[in-house]
Amino acid sequence: MNTLMQKTPFLACVGVSVQFFDRDAPVLREMNVSIERNQAVLLLGPSGSGKSTLLQVLSGIIPRSIEAWFKGTVTRPDSVGVMFQDPDAQFCMLTVEDELAFSLENRSVPREQMRAVIEKAMRDVRLDIPLSTPIRELSGGLKQRLALACLLALEPEVLFVDEPTAQLDPLNTQLVLDDLRRLHGQKTLVLIEHKLDGVIEWVDRVLLFNAEGRIVADGAPLDVVREQAEMIRESGIWTPKLWPVTWEQLLAPVPHPLAERLQTQLATGKKQTARPAADAPILDIRDAGLRYKNGHVVWQGLNASIQPGEWVAILGPNGAGKSTFLKMVGGLIEPTQGNVQLKGKDVSRYKTPELYDTVGFVFQNPEHQFIADTVFEEAAFGGKVAGWPQERIEREATQLLADFRLQELRDKNPFTLSQGQKRRLSVAGMLLKRQDVLLLDEPTFGQDAATTAELLQRMQERNEAGTTILMATHDVELVAEHASRVLVIGEGGLLFDGSPHDLFSQPELLEKASLTAPLAYEYRQRILDAGQKEKVEEGSLSV
Amino acid sequence: MSSSYTAGHVHPSSAKSLVARVNPSVKLLLHLLCMLVFIFVHDPKTACALMAIPMLLSVTAARIPVWTFVKRLSPFLILFLSTTWILAAYGKGETVWWHGGIITITEEGLVKGLNIGLRMLGFVAYGALFAMTTDVTLLALSFMQQLKLPPKIGYALLAGFRFLPMFREEYEQIKSAHRVRGVARVPGLRGKLQAFTRYTIPLLAQGIRKAERVAIALEARGFDGSRNRTYYRELKPGIYDAAYFVLLLAMHTVVWYCFMR
Chain A
1 MNTLMQKTPF LACVGVSVQF FDRDAPVLRE MNVSIERNQA VLLLGPSGSG
51 KSTLLQVLSG IIPRSIEAWF KGTVTRPDSV GVMFQDPDAQ FCMLTVEDEL
101 AFSLENRSVP REQMRAVIEK AMRDVRLDIP LSTPIRELSG GLKQRLALAC
151 LLALEPEVLF VDEPTAQLDP LNTQLVLDDL RRLHGQKTLV LIEHKLDGVI
201 EWVDRVLLFN AEGRIVADGA PLDVVREQAE MIRESGIWTP KLWPVTWEQL
251 LAPVPHPLAE RLQTQLATGK KQTARPAADA PILDIRDAGL RYKNGHVVWQ
301 GLNASIQPGE WVAILGPNGA GKSTFLKMVG GLIEPTQGNV QLKGKDVSRY
351 KTPELYDTVG FVFQNPEHQF IADTVFEEAA FGGKVAGWPQ ERIEREATQL
401 LADFRLQELR DKNPFTLSQG QKRRLSVAGM LLKRQDVLLL DEPTFGQDAA
451 TTAELLQRMQ ERNEAGTTIL MATHDVELVA EHASRVLVIG EGGLLFDGSP
501 HDLFSQPELL EKASLTAPLA YEYRQRILDA GQKEKVEEGS LSV
Chain B
1 MSSSYTAGHV HPSSAKSLVA RVNPSVKLLL HLLCMLVFIF VHDPKTACAL
51 MAIPMLLSVT AARIPVWTFV KRLSPFLILF LSTTWILAAY GKGETVWWHG
101 GIITITEEGL VKGLNIGLRM LGFVAYGALF AMTTDVTLLA LSFMQQLKLP
151 PKIGYALLAG FRFLPMFREE YEQIKSAHRV RGVARVPGLR GKLQAFTRYT
201 IPLLAQGIRK AERVAIALEA RGFDGSRNRT YYRELKPGIY DAAYFVLLLA
251 MHTVVWYCFM R
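Going down the list, the protein sequences come from chains A and B. Quick note: the first sequence, position 373, residue 373 per our numbering, numbers continuous. Quick note: the second sequence, position 107, residue 107 per our numbering, numbers continuous.
Keep in mind that the hints were calculated from the coordinates and are not lab data. Because the structure is a prediction, the values reported are computed rather than measured. The reader is advised that the hints may include incorrect statements.
[As the list claims (entries may be wrong)] Restraint ranges, calculated between C-beta atoms of paired labels, are given here:
#	chain 1	residue 1	chain 2	residue 2	range
1	A	Asp346	B	Trp67	35 to 41 Å
2	B	Lys175	A	Arg405	26 to 32 Å
3	A	Glu477	B	Asp135	44 to 50 Å
4	B	Asp135	A	Asp502	45 to 51 Å
5	B	Ile239	A	Asp22	54 to 60 Å
6	B	Ala195	A	Arg395	29 to 35 Å
7	A	Asp22	B	Glu169	27 to 33 Å
[As the list claims (entries may be wrong)] Cross-link-like lysine to any residue pairs, in silico, SDA-like; alpha carbons within 25 Å at most:
#	chain 1	residue 1	chain 2	residue 2
8	B	Lys192	A	Glu377
9	A	Lys422	A	Thr398
10	A	Lys384	B	Gly191
[Stated by the list, open to error] Now the stretches of chain B that chain A is said to cover, found in silico as 3 or more residues with beta-carbon under 8 Å:
#	region
11	157–169
12	195–205
13	213–225
Glycine is no exception: its CB is placed at the ideal position from the N, C-alpha and C atoms.
Construct the complete structure from the given sequences, taking the supplied hints into account.
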C-alpha cells in the first residue's frame, strides 16, 4: 500500500483474531499492533479485555502452547522470553543452578559455556544466593527474579511480562520492577502490570483496551491516561497513585490538588489512632507460638488482644506466616505454645459448628471454599447447615447475591465464574451467617480496582455493624484507608502492633517488614526531609 | 535443614558413599536383577541370606545410619510378620507341627509364608536402599542420558515431583475451608465418598491449571521435548558402577556358595 508497509516490522501482528474453544465470542478481533525495537509497551485494560491474549499471540504461546481458533499473521524476532505471574509454575528443576542450566540446554548451548552464562544471569538480576539453593526454599520475590534470570540467560530480543508482581509483597514488587526498568532501552519490553507506580513513569507507550477487547487508545502514557481518564475510571482499571504528578509539583510552594488530598488523608489517619473503649476483648492471643516438627519456628511470643469492632490488618513479608496466623486465630491450626481466647474461651475448646458460627474465614483461593453446584446454593449453604427456614434462606441469600452483583449468575456453577466473580461469591458465602469475627486472607489479591472497591465497601458496612475484621494483605493504601489497627508479623515474631498512622511513620520498621509507605506518608516524609517546617507546623502534618 | 532427610534427595550421611555415587540407571538395573534372584529361591535360609545383602550394603557401602534404615523398613516388618503368620497358620500342608482350633501350623505352610515374607522384605530393602541413595534430578537425567527416555517425559517427571508437596498443602487448605463452611461429615463409606468427590474437583481444577501453566512456561523457555539438547550435568557410567556391580556379584556368589550349591 505505502512505503511504511514494505519495511518488515520488528514485532507485529496483522489482522489477528483469537477465539477460545470454550467461549461464545472472540477475545481479539482483527487486531493490528506494531512494536519497534527496544520500545517498552504497557498493555492496560480491565480484566478479561484480551491483554494477556495479545501478549500470548505476540510471544507465540498462542497457537504453539495454547490451542485456540487463530487467524492473522505475526512477525517476531527469533528469540523471545516470557515471564509469568505464578512464581510456582515456571520451573521444573529442584535447584537454582539446574533451573538456569535448563534454559541453556533447551537452546543447545555447549556445556563448557554454561557456567559463565549462569553466573552472569544471576548478577543481572542481583540474585546473591548459592547456586545449589533448592527452589522451594526461595520466597516468591526471589523466585520471580530467578524466573527473570532464566529468561535473560537466553539473551532474548523481546521480553514479555504478564503481571510479574501480582503475588509479591511491596518491597519485592519494587525490586522486580526495578530489574525490568534497567532493561529498558536494551530490550523490547511488552508488559502487563496492575501496579502502575514503578512502571508507567518509564514505559514509552501504552495500549489501552476496553472491555470488548479493542484497543481504544495507543500512545505516550501521559496522553493516554489524560485523554481516557474517564474510561479508565469507569472500567475499574487500577490507576497510579502519584503519576503523572511529580514530587516536585507536590512539594511546590503552591499546593497541588493531590497534595491537599493527601493532607486530608493524613489528618484522618491520625484521628484513627484512637482505640475503641477497652471492653472485654473478643480475641485474646496469648504468647502464641508455632514450631514445626522439623524445628522450624514460624513465629513465637505473639500477644495481642483485639476489641470487638476493630479492623485489624495483618502485614508482613512473603512467607512471614500471615496466613498461618489467621488459621491459628480461626482454630484451623493449633499453636504449639500459648493459646487464643475467643470471647474468653480457648478456641481449641470450641465445638466445630459453634466456632464457625462465630468466626468466618475467607480463604486466599476462592475455589477452596466452593461446595455447592450453583451460585445460589453456594451463598445459601451456611443457612441450610444452620437449619434456617427456607423463606429466610431465600431472602438473605438473594440479598447477598444482589449486594455482590451476582444475581444473574445464580444458576451457574461456581467453578465456571471469572476470577473476580469467584472472589465476590466466596466472600458473599461467608457473610450470610453474620459471624462476629471475619478472617480474610488477602481478599483483594488479583482483583481489579472496581472489584476491590466493592469488596471493601461491603466489609466496611459489616465492620460498622460491629463485625471484627482481621485481614492479611500486602496493600498498604488499603490499610491506611480502612484499618484501625495493624499487626506486622516478621522475623519470627510480632514486629509491630499499633495504628496504621504510627506504623507508616516509621521508615526503618517498614523496610524491615518488606513494606512501603502509602503515598500520603511518603509525602509527609519528603516534606520533613525537605525541611519545609512551616507546612509541618501549619497543621495536620505534625509528627 | 540439611540434616533432615527429604524424599527425592540422597540421605545426608550417605552423600559421599559408594552406593550414592553409582549411576542411578545402573543402580536401578542392578537392583532389579538382584530382586529377580529372589524369585528362583524357594528355601527360607537362602532367602534370608539374600535379604541380608541389601541390608548389609545399606549400613556399610551406603553409610545409612542403622536406626534410620530400621525405621524406614519398620512398616514393612509388620507386613512381613502378618503375611508369614497367615500363610503359616492357614496354609495347606502335610506335616503338622501344631494344631489348635482353626489354626494348623504345617511345615509347608511356614516355609511358604517365610519365602513370601522374606522375598517381600528383600524387595523393600533394595527399594529403600535405592531411594535413600538417589537424587531425583540425577535419576531423571540418567534416565534420559543412559536409558534414552524422551526428555518430554523425563522433565515432566521432575516437574511433577515438585508438585507433590503443593498438592498436599492444597488438600489441607480445602479440608480447612470445608470445615469452616460446616460441611457435615456424613459418617461411614458414603460420607468418605462424598468428601472425596468434594475435594477432588478443586484439587484437580487447580492441578490441571498449574500443570498447564508450567507447560506453557517451559515451552516459552525453548523446551520442545526433543532429544536435540545439551546437558549441563553429563552422567557417564564409570568406575563406581563397576565397583558396585563387582560388590553385588561377590556377595551373591558367597550366598550361592554357602546355601545353594
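A quick look at each hint next to the structure:
1. Take A/Asp346 and B/Trp67: their Cβ atoms lie about 38 Å apart, and the range 35 to 41 Å holds.
2. At about 30 Å, the beta-carbon gap between B/Lys175 and A/Arg405 stays in the expected band of 26 to 32 Å.
3. The given range of 44 to 50 Å is respected by A/Glu477 and B/Asp135, whose C-beta atoms sit roughly 46 Å from each other.
4. The hinted window of 45 to 51 Å between B/Asp135 and A/Asp502 holds, with their beta carbons roughly 50 Å apart.
5. At roughly 56 Å, the beta carbons of B/Ile239 and A/Asp22 sit within the given window of 54 to 60 Å.
6. Separated by about 31 Å at the C-beta atoms, B/Ala195 and A/Arg395 satisfy the suggested range of 29 to 35 Å.
7. Distance hint for A/Asp22 and B/Glu169: a CB-CB separation of about 28 Å, consistent with the stated range 27 to 33 Å.
8. Note on B/Lys192 and A/Glu377: the hinted pairing holds, with a Cα-Cα distance of about 22 Å set against a maximum of 25 Å.
9. Annotation: proposed proximity of A/Lys422 to A/Thr398 holds, straight-line Cα distance about 17 Å (limit 25 Å).
10. Between A/Lys384 and B/Gly191 the alpha-carbon distance is near 18 Å, which keeps this suggested pair within the 25 Å criterion.
11. Residues of the region 157–169 of chain B with a Cβ under 8 Å from some Cβ of chain A number 6, which satisfies the need for three, so the listed coverage holds.
12. For the region 195–205 of chain B, the proposed coverage by chain A is satisfied: 4 residues have a C-beta within less than 8 Å of a C-beta in that chain, meeting the threshold of three.
13. Given as covered by chain A, the region 213–225 of chain B passes the check, having 12 residues with a CB less than 8 Å from a CB of that chain where 3 are the minimum.
Hint violations for this structure: none, all hints satisfied.
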